[in-house]
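Here's the letter readout for the chains.
There are 2 protein chains.
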Amino acid sequence: MSKQIGMSSTQLAAPVYIREWASAVGKKEGEGPLGQLFDFVSGDDLLGNKTWEEAESAFQKKAVSLLFEKDTEAYNRARFILAGDLLGQEIASSFGIKDFRIPMFGLYGACSTCGESLSLGSMLIDGGFAEQLVCVTSSHFASAEKEFRYPLDYGSQRPPCSTWTVTGSGAYLLSREPGGHLSEGGKTMKSCLSATGHEEERNTGHKVVDRQMFDLPQKCLIERKHEVAITAVTTGKIMDYGVKDSMNMGACMAPAACDTIYRHLKDFDRQPGFYDKIITGDLGTVGQQILIDLLMQKGYDISDRHMDCGIEIFNGEEQGTNAGGSGCGCAASVLAAYLLPRVASGEWKRILFLPTGALLSKVSFNEGKSIPGIAHAVVIEQM
Amino acid sequence: MSKQIGMSSTQLAAPVYIREWASAVGKKEGEGPLGQLFDFVSGDDLLGNKTWEEAESAFQKKAVSLLFEKDTEAYNRARFILAGDLLGQEIASSFGIKDFRIPMFGLYGACSTCGESLSLGSMLIDGGFAEQLVCVTSSHFASAEKEFRYPLDYGSQRPPCSTWTVTGSGAYLLSREPGGHLSEGGKTMKSCLSATGHEEERNTGHKVVDRQMFDLPQKCLIERKHEVAITAVTTGKIMDYGVKDSMNMGACMAPAACDTIYRHLKDFDRQPGFYDKIITGDLGTVGQQILIDLLMQKGYDISDRHMDCGIEIFNGEEQGTNAGGSGCGCAASVLAAYLLPRVASGEWKRILFLPTGALLSKVSFNEGKSIPGIAHAVVIEQM
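Protein chains in written order, with the numbering used here: chain A, 2 to 384; chain B, 2 to 384.
It is worth saying that the hints were derived from the structure and are not from the lab. Where hints are given, some of them may not hold.
A pair counts as met if it fits within one copy or between any two copies, since identical chains are not told apart.
Said to hold, decoys possible - Computed cross-link-like contacts, PhoX-like style, restricted to lysine-lysine with a CA-CA straight-line distance of at most 25 Å:
1. 51 x 245
2. 278 x 4
3. 51 x 363
4. 299 x 226
5. 278 x 267
6. 267 x 4
7. 99 x 299
8. 267 x 28
9. 245 x 99
10. 147 x 363
11. 245 x 147
12. 4 x 28
13. 267 x 99
14. 278 x 28
15. 278 x 350
When you get a sec, could you build the whole thing from the sequences and use the hints?
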């Protein structure tokens with residue numbers, strides 16, 4: 002079968018395995034509905050650093066380090082690292098991963114960068130250019146507020162349609178070969194992870210939320226019964242519906258998500274029911290409704306299987322996060338903590354995962370420009 | 002032969018042709034030593050726009066449009082566009098290319114982005130993911146000064162080791178198949194290009210530097226005797242020697258250029274003499290000397306064949322550009338206007354081209370961080 006499907010999709014010749022994954026998030030994320038599922042939760046959003054930017058780098062470094070702890074041969078085998086974040090000139094990535102000294106491709110797709118990195122990463126492996134590589138993205142609430150809106154100290158008000166940038170990072174080890182890390186008997190995916198958190202506390206003195214290593218709620222103890230792999234890619238186009246409200250990112254990004262899902266379904270001649278879940282990155286509650294409506298107009302009903310990482314990660318009413326979570330770290334950490342384990346456990350057979358990005362800067366916003374969106378989709382399946 | 006060479010290099014299975022290329026630059030670049038070679042020179046660095054950022058987008062759009070004018074089937078065939086620039090959140094690219102509606106991967110490698118785009122682009126084609134795709138990068142003196150240093154209105158002084166950000170863009174059409182655009186008899190590569198400039202003037206009223214279409218100096222009239230292709234890639238690592246002087250980018254980037262060249266020569270077991278030229282992006286005169294010294298310490302003498310796009314594009318003394326040109330648009334426009342034609346004409350058989358990037362933002366600089374560098378190399382050969 003040809004690798005090039007339709008105008009903008011790719012069928013990988015062989016599955017590209019997501020051999021390992023790791024997540025590191027901040028305090029608020031740890032207190033949210035998925036709190037128990039993250040590999041590392043810091044009680045200190047500065048992670049012991051002096052600036053928010055350094056802190057974001059530290060979360061990214063932590064996520065990659067966790068990946069290398071989980072798969073101890075990965076550091077020597079990873080041929081590339083594909084990294085990105087939201088900050089100007091991607092300083093969170095540059096300073097976060099420079100010490101690993103792995104050949105690096107910097108990517109920018111706003112909050113869609115996680116999808117972009119998995120897209121390009123899986124193609125690099127499928128094309129024979131690497132046996133293993135790392136994808137990592139991050140965001141930080143405080144560095145993002147400073148970068149895009151106002152410094153936290155201003156105490157600006159936030160409208161209900163606004164989203165809350167996730168403090169965190171997700172990292173993935175893509176591999177031509179499966180990982181062979183399937184659970185045996187009672188071994189679960191969480192067993193080694195909280196230990197890492199505690200070790201961190203011992204080694205560095207950073208305050209780490211107590212994860213009660215041997216007393217996790219049952220929902221966290223998911224057996225890894227299947228390998229997980231990326232099998233197809235649909236690449237995002239920039240979509241600009243002329244929305245200019247930087248406090249309503251969901252509305253800016255929904256048209257791009259709609260376009261990518263629509264092209265994906267058309268390219269492969271599939272119906273939404275082909276997927277157990279169709280999962281966007283950070284549309285939030287407002288963007289979710291727009292996406293469902295837009296796709297309905299094109300003849301596709303995804304309302305019964307749409308999920309949004311930004312909606313899952315916070316309890317909006319209790320946590321004051323309004324429409325949901327957002328940022329490069331939102332889709333990335335939720336994929337690692339919540340989505341991949343459900344594919345690995347057999348709960349879902351196949352998902353369409355598409356992080357969504359809003360392509361603005363404070364300069365473009367202040368100059369009165371619109372906020373175009375982009376969404377990069379990958380098909381993730383149990384093997 | 003394996004595609005993966007050594008720890009960080011790639012030998013493409015088949016040549017990836019640079020089927021067409023185009024450059025669009027500003028007034029100062031048009032007045033420099035390479036002025037007659039660019040496809041499009043604007044007398045107005047705003048290109049009729051209101052802001053410097055919009056102007057940069059317009060240069061990027063112009064370069065891609067020229068590409069599509071030169072190869073009229075390319076627009077419908079280009080499966081991806083790989084784009085990047087220096088501005089926060091890459092707004093020059095997002096707004097520059099969004100109207101083309103081509104599936105897009107945004108890249109960031111500071112001024113090395115041109116090399117990154119050619120690296121990833123050639124691998125995507127070699128891996129069978131596209132028959133044709135576009136790479137484009139840009140920079141703009143005024144938008145970069147505002148982004149990284151001070152607004153132009155401040156009239157800040159510039160030290161001798163500083164560089165001058167190039168206003169311009171270069172775009173390339175990568176292809177699995179050769180272009181078949183070789184010159185026949187008296188036909189030259191320049192013949193159609195100045196005409197485009199004049200047409201632009203007619204259509205938009207933008208002031209265009211008069212290029213004297215039928216009266217170009219003989220040096221511009223280069224016959225295209227050979228196809229040009231990318232055959233290998235060496236991917237950059239982030240190198241941080243702790244330099245913190247944002248007015249001495251050459252010193253920040255030279256260690257990265259040294260590292261990439263060294264790894265390339267080691268991976269392929271080659272000597273510098275294998276290449277007619279080893280060409281960096283924008284080290285300038287200060288960085289050039291550092292690079293030559295660093296490589297000499299490692300046992301490689303490239304002094305007789307090193308060239309730097311930043312040194313070539315301006316006449317530093319006459320034009321007040323100090324150590325040379327810089328920016329994503331520097332290597333990109335010089336590659337299109339000056340380097341590729343010399344490979345196509347047969348003057349050079351094989352070059353190692355490695356744009357160099359300094360990974361800083363004004364935030365990281367103001368927070369006292371160092372300025373790490375990165376350099377992405379591609380081997381470009383006549384076929």
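Practice task
Pop the pair residue 245 and residue 147 into one bin, within, between, both or neither, using alpha-carbon distances up to 25 Å.
Solution key: Answer is both; intra-copy 19 Å and inter-copy 23 Å each pass.
Handout entry: Intra- versus inter-subunit Cα pairing at 25 Å for residue 245 with residue 99
Key = between (35 Å within a copy, 16 Å between copies)
Exercise for the section: State whether the alpha carbon distance between residue 51 and residue 245 is at most 25 Å within one copy, between copies, both, or neither. Expected result: between (34 Å within a copy, 18 Å between copies)
Handout entry: Alpha-carbon proximity between residue 278 and residue 28, which holds within one copy, between copies, both or neither at 25 Å
Key = Neither. Shortest intra-copy (28 Å) and inter-copy (53 Å) distances fail the 25 Å Cα cut-off.
Practice task
Pop the pair residue 51 and residue 363 into one bin, within, between, both or neither, using alpha-carbon distances up to 25 Å.
Solution key: both (24 Å within a copy, 17 Å between copies)
Handout entry: 25 Å Cα threshold - placement of residue 226 relative to residue 299
Key = Answer is neither; intra-copy 37 Å and inter-copy 50 Å both fail.
Handout entry: residue 267 and residue 4: within-copy, between-copy, both or neither at 25 Å Cα
Key = Answer is within; shortest intra-copy Cα gap is 16 Å, inter-copy 34 Å.
Practice task
Up to 25 Å between alpha-carbons, please classify residue 278 paired with residue 4: within, between, both or neither.
Solution key: For residue 278 and residue 4, the Cα distance is within 25 Å only inside one copy (24 Å; across copies 36 Å).
Practice task
At 25 Å max between alpha carbons, let me know whether residue 147 reaches residue 363 within a copy, between copies, both or neither.
Solution key: Answer is both; intra-copy 10 Å and inter-copy 13 Å each pass.
Practice task
First find the shortest C-alpha distance between residue 267 and residue 28 inside one copy, then the shortest across copies, and answer within, between, both or neither for a cut-off of 25 Å.
Solution key: neither (41 Å within a copy, 46 Å between copies)
Handout entry: Identical-chain pair category, residue 267 with residue 99, by Cα at 25 Å
Key = between (40 Å within a copy, 22 Å between copies)
Practice task
Indicate which option fits the pair residue 278, residue 350 if close means a Cα-Cα distance not exceeding 25 Å: within, between, both or neither.
Solution key: For residue 278 and residue 350, the Cα distance is within 25 Å only inside one copy (9 Å; across copies 53 Å).
This entry does not satisfy hints 4, 8, 12 and 14, going by the numbered hints stated previously.
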